[in-house]
Amino acid sequence: MGSTASQSSSFVDDRPPLATFMLDFFLAPLSYEFIRNALVVGVFAGVLCPVVGTYLIVQRMALLGDVIAHAVMPGLAIANFLNINLAIGAFISGMLSTFVIQWIRQQSRVKVDAAMALIFSSFFGLGVMLLTTLRTQLDLEDLLFGNILSVTVGDGWRTGAIALVILVLVKLFYKELLFFTFDPLGAQAMGLPVQVINLGLMSGITITLIAGMQAVGVILVIALMIGPAIAAYLLVKELHQMMIVGGILGAIASVSGLYTSYYYDLPSGPAIAIAVFVIFLLTLLFSPTQGILTNHPFKRGIESHTKSG
Amino acid sequence: MLEVQHLSVNYRQTSVLEDIHLVVHPGELVGLIGPNGAGKSTLIQSILGLVPAHQGQVLLDGQPLRRCQHRIAYVPQRSHIDWDYPITAWNVVMMAQTRAAGWFRRPNRDARRTVWAALERVEMLELRHRQIRELSGGQQQRVFLARALAQQADFFFLDEPFTGIDKKTEAVMLRTFTELQAQNKALLVCSHEWGDALRRYDRLLLLNRTLLADDVPDTVMTLENMQRAYSQTPSANGIDRLSEFLVC
Chain A
1 MGSTASQSSS
11 FVDDRPPLAT
21 FMLDFFLAPL
31 SYEFIRNALV
41 VGVFAGVLCP
51 VVGTYLIVQR
61 MALLGDVIAH
71 AVMPGLAIAN
81 FLNINLAIGA
91 FISGMLSTFV
101 IQWIRQQSRV
111 KVDAAMALIF
121 SSFFGLGVML
131 LTTLRTQLDL
141 EDLLFGNILS
151 VTVGDGWRTG
161 AIALVILVLV
171 KLFYKELLFF
181 TFDPLGAQAM
191 GLPVQVINLG
201 LMSGITITLI
211 AGMQAVGVIL
221 VIALMIGPAI
231 AAYLLVKELH
241 QMMIVGGILG
251 AIASVSGLYT
261 SYYYDLPSGP
271 AIAIAVFVIF
281 LLTLLFSPTQ
291 GILTNHPFKR
301 GIESHTKSG
Chain B
1 MLEVQHLSVN
11 YRQTSVLEDI
21 HLVVHPGELV
31 GLIGPNGAGK
41 STLIQSILGL
51 VPAHQGQVLL
61 DGQPLRRCQH
71 RIAYVPQRSH
81 IDWDYPITAW
91 NVVMMAQTRA
101 AGWFRRPNRD
111 ARRTVWAALE
121 RVEMLELRHR
131 QIRELSGGQQ
141 QRVFLARALA
151 QQADFFFLDE
161 PFTGIDKKTE
171 AVMLRTFTEL
181 QAQNKALLVC
191 SHEWGDALRR
201 YDRLLLLNRT
211 LLADDVPDTV
221 MTLENMQRAY
231 SQTPSANGID
241 RLSEFLVC
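Going down the list, the protein sequences come from chains A and B.
Positions 1 to 309 (my numbering) are the ones given, in order, by the first sequence.
Positions 1 to 248 (my numbering) are the ones given, in order, by the second sequence.
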């Protein structure tokens with residue numbers, strides 16, 4: 001009895017230091033401006049990428065996101081050489097890759113995955129080549145893996161503005177995009193301007209990729225686009241829920257990745273990509289409706305049996 | 001009245017449909033039959049403008065169909081749809097109101113009432129909050145039928161609606177067809193069924209690249225016509241289908 005009492009009292013005594021420790025854990029990194037900026041960019045990109053990435057997943061075009069991300073490289077090099085806004089060069093180059101893929105598909109029997117693999121590698125190759133021959137000041141490693149720790153306050157605002165605009169557009173065109181991505185033939189038969197919708201969607205995806213690249217780089221941005229959204233896919237039953245949950249998970253992944261990177265002195269882009277994977281793995285195992293551990297086939301069998309009976 | 005005039009479709013320099021001529025009157029239930037690869041789906045899709053036509057035109061009451069797409073409802077083949085898409089039955093049917101609602105607007109109360117009534121008519125109201133992947137094949141087909149109904153169209157195009165469905169869905173579908181006909185709506189149904197089931201149609205179109213027959217079922221379903229349709233496809237599958245047909 002006495003020992004329990006002393007234990008519980010010691011527990012009470014321990015509390016303030018624990019709370020202080022937790023508070024310290026979260027607040028200490030915030031005293032650095034570069035961490036604050038990184039968190040702002042990370043959260044905006046973390047919310048935006050999965051929302052737009054949802055459209056890639058439901059159209060079974062996740063790899064197209066990866067293609068566009070790599071295909072921005074020539075545009076970045078040329079824009080840097082001509083001294084124009086890098087994002088504009090990246091956008092043109094990324095969109096161009098989607099047109100070329102479409103063109104190859106229409107002109108031949110080549111299947112889309114093969115066309116994507118070809119375009120992805122050739123655009124990327126061209127980009128790396130241009131970066132060296134045009135003697136740009138761009139750092140290849142920063143482009144590939146991102147350098148979120150070097151972003152400025154301006155970058156934070158810009159990412160925030162892009163995220164806001166794209167999210168508002170998704171909201172405004174939600175029902176048309178839902179119809180188009182679910183049943184493109186049905187949408188076209190009804191007279192929806194499917195070509196325009198598709199072009200708008202591709203533009204949104206490309207802009208989102210460019211915004212996300214700042215956080216995690218060309219190679220890893222697809223993780224932020226796809227990972228949180230497929231984790232959400234295992235949790236919900238409607239598209240808008242997938243976007244909301246995906247956005248929240250994306251922000252969590254960005255923040256936890258950054259803190260891990262700060263405390264363990266790890267590169268931040270890869271840390272975020274791994275955080276995304278951990279979140280996905282957790283939902284895959286523990287999703288209440290579709291989790292491997294929470295929804296054992298045996299249990300599921302009984303449920304469906306009672307449902308039908 | 002729907003008129004298809006001189007419709008030809010090419011796919012990579014190969015002629016898929018040649019000089020198709022057909023008319024569908026209001027209140028008619030027309031069946032579109034033919035062997036695999038005869039171009040049944042392509043015909044429906046080219047009528048609807050989903051596949052570019054090499055030549056020809058499609059008129060709806062004398063007007064180009066492109067200008068009155070709101071009068072058309074289309075039920076695509078089940079295989080065209082990703083049934084794992086995160087969406088509920090209710091929201092699939094709500095798509096019917098996408099165009100009527102207009103840009104930037106959410107469907108209003110009338111739209112919701114229409115969707116409710118359509119789901120009720122196909123006996124899917126209770127399952128409206130289910131994700132579509134949790135529905136059986138027949139139930140999924142009924143959701144799409146409800147979507148077509150909620151569009152309040154005059155002309156219905158259904159691509160293989162009887163494939164992989166249960167008895168109940170078949171009954172619901174046939175009842176709905178009869179109701180639509182009574183409301184002077186026209187239906188063009190592309191179908192894989194054979195034998196007596198074909199007698200439910202007012203008229204049959206026998207297709208194999210060209211329109212081989214266009215008449216009441218008893219006239220179309222002759223041995224001669226079947227041989228003409230199937231001899232052009234040298235696939236064993238066609239011959240199987242033929243014998244299956246003749247048994248009935």
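One should not assume that every hint holds.
To be verified - Below are the DSS-like pairs computed for lysine-lysine, each with C-alpha atoms no more than 30 Å apart in a straight line:
1) A:K111 x B:K168
2) A:K171 x A:K237
3) B:K168 x A:K171
As the list claims (entries may be wrong) - Here are a few chain A residues that face chain B, going by a calculated C-beta distance under 7 Å:
4) D142
5) F145
6) K175
7) L185
8) A189
9) M242
10) F286
Derived from the structure by calculation, the hints contain no laboratory data.
We treat Cβ as the ideally placed atom computed from N, Cα and C, and that holds for glycine.
Here is what the structure says about each hint:
1. A:K111 x B:K168: violated, 39 Å
2. A:K171 x A:K237: The hint holds at about 18 Å.
3. B:K168 x A:K171: Violated, at about 38 Å.
4. D142: violated, 36 Å
5. F145: violated, 32 Å
6. K175: holds, 5 Å
7. L185: holds, 5 Å
8. A189: holds, 4 Å
9. M242: Since the shortest Cβ distance to chain B is 5 Å, the answer is holds.
10. F286: violated, 19 Å
When the structure is compared with the earlier hints, violations turn up for hints 1, 3, 4, 5 and 10 and for no others.
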